[in-house]
Amino acid sequence: MKNRIGQRAISSLISLFGLVILVFFLSRLTGDPSALFLPVDASESMRENFRELHGLNDPLLVQFGHYVGDLLRGDFGDSLRRARPALDVVLEAFVWTLQLAAITMTLVTIAAIVVGSIAAFKVGSLFDRAASLLSLIGASAPDFWIAIVAIVVFSLQLGWLPTSGTGTVWHWVLPITILFLRPFGLILQVVRGSMLTALGSAYVKTARAKGVKNNRLIFVHTLRNAMLPVITVIGDQAAALLNGAVIVETIFGFPGVGKLMIDAILQRDFNVILAAIMVTALAIFIMNLLIDLAYAILDPRIRT
Amino acid sequence: MSEHVAATVRPHRKTVFGRFISMLWADKFAFFATTFLLLVVLCALIGPSLLEDVAGKQNLRARNAPPFVLDRGWVYFLGGDALGRPLFARIVVAAQNTMMVAAGAVALSITIGATLGLIAGYLGRWPSEIIMRFADVIMSFPSLLLAVIVLYILEPSVGNLIIVLAITRIPIYLRTTRAEVLEVRERMFVQAAQVMGASSGRIIFRHILPMIFPTLVTIATLDFAFVMLAESALSFLGIGIQPPEITWGLMVSQGRQYLTSAWWLAFWPGLIIILTTMSLNLLSSWMRTALDPTQRWRLEIGGKSND
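First to last, the protein sequences are chains V and P.
Per UniProt numbering, residue 1 is the first one in the first sequence, and the count goes up by one each step.
Per UniProt numbering, residue 1 is the first one in the second sequence, and the count goes up by one each step.
It is possible that part of the hints are untrue.
Where chain P lies over chain V, by a calculated footprint (3+ residues, C-beta under 8 angstroms) [as the list claims (entries may be wrong)]:
id, stretch
1, 12 to 18
2, 133 to 141
3, 149 to 157
4, 262 to 272
Per label pair, the in silico range of CB-to-CB distance [as the list claims (entries may be wrong)]:
id, chain 1, residue 1, chain 2, residue 2, range
5, V, L60, P, M211, 26 to 34 angstroms
6, V, A130, P, N59, 38 to 46 angstroms
7, P, S261, V, A294, 20 to 28 angstroms
8, P, K57, V, V95, 44 to 52 angstroms
9, P, I301, V, N215, 31 to 39 angstroms
10, P, S261, V, W160, 17 to 25 angstroms
11, V, V62, P, T111, 36 to 44 angstroms
Hints listed in this document are in silico derivations from the structure and should not be mistaken for laboratory results.
Even for Gly, the Cβ is constructed at its ideal location relative to N, Cα and C.
Chain V with its partners taken away, still in its complex shape:
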């Protein structure tokens, strides 16, 4: 187990380093920030000063050297846009995204497991077919479209929920509901398939022969064994949410890391892009460790 964590840490670090190099040079190809941050009629000498101040006149390789040097000292640079440490800006946004992802994934996990288990237990029934249809729609719906249709119906027509921003509990309802759909559809399918396999196995038949009640049979005997493939999918989906739900955050004006990254790219705020990528990569790494841990708890064979 320890060995595996070490191996994964090293290979993640290598991937991350490749990513940072790639993004560093790609993002600098998008253009000169001085064109965006100075007024249109700024003189050439003002632009020159701006570039000099932010070290944008050095050759790219020198800039990269400086960046890596600072990074090793724990300095992620400043945000051009907000004139604050890039890491602070990113962490603030990340807390929002983390809350959004945590709440959504908790709800998705509970709902998908309950509905998927029941659907598998009553395979072919009306409930099963309704669940399949629901998961099909969830998995194939374009989130931006569902989001704006939901805004029209619930915010504009019915006036129940706010259209965007944060502040009250009600602001969270629509973003969470939209984010809920796709992972719910995908995980539900996996739960159902995995439960079907487990329900056909010998130990479930034994339990049934012993007269174990249905609820206990589903949620204790079968579910634990059916969870392994489910956890993998939950991990993938949670990673996607941690990367920032760009579309949903943009539409609902949610100050998360996805919106921050899009804004940073459009504003050529290079340090923020890089810091955001590293923070989310770390979060995803930690989450993968948790998934491994969950595996080990559920399946004693993996613990060695």
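Fit chain P to the given chain V structure using the hints.
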């Protein structure tokens, strides 16, 4: 096994095409999904040549014309957009760009991904390690953001959009192909080919590739839906296809500002997107059964009882 069942159920053999049609008929959802998809492909192929003029003609008296009114002619059945252009015609014409981007991206990523996967699976450790790390780097990057950065540097044209979307999907095919190759190459017929002195190229393309092709096609169908959604999302964010070119995603984005006064501008194109992706999902799950020789009999028997 499946050949045997097919032979006993059907007295005279049908052509491959006929067999697939009856297998499709056995699963009604898949049948309607395929019909719908064929219609969309037909729109993409001949729609622009039929309706391009109508779709581009502005008619200020039909601005945001409501749907289900036939006064202005049948092309206004779904209403008009902000410049009075008929929505129905625009949706038909937009099918071409939407399909072209998705089909191009899927074709490109499956070609590159499967080739790299075959190399990684069949050749030794070193190439495999390098290729898998390359896949890791792509996978660890939020694909939408990669697309944003690249499209921001390059022109957001159809070609560049295809390349960007293809890059983000390569790891899927790469990993699947490699995993399947690792399993297939241990089988007897591959060893037999090796013993008989077949070259690596021949073994890979004539013996291994046909075995994993059905899996790849099934994934590609599902991925087509995913790529379509990604393209729509990019166009929606304003960094995908640029006007005057149109795609369904762009139409949703253009309709967004008229949500309160004319909901149909954003509603119809979105509905078509969801119908198409749902059809692709249904078709993909049918293919999983139909292309698997050990599962195929389920559909063949089902087809019989429905005849």
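| query | What hints, given by number in increasing order, does this structure fail? | reply | As far as the earlier hints go, 5 and 7 are violated by this structure, in ascending order.
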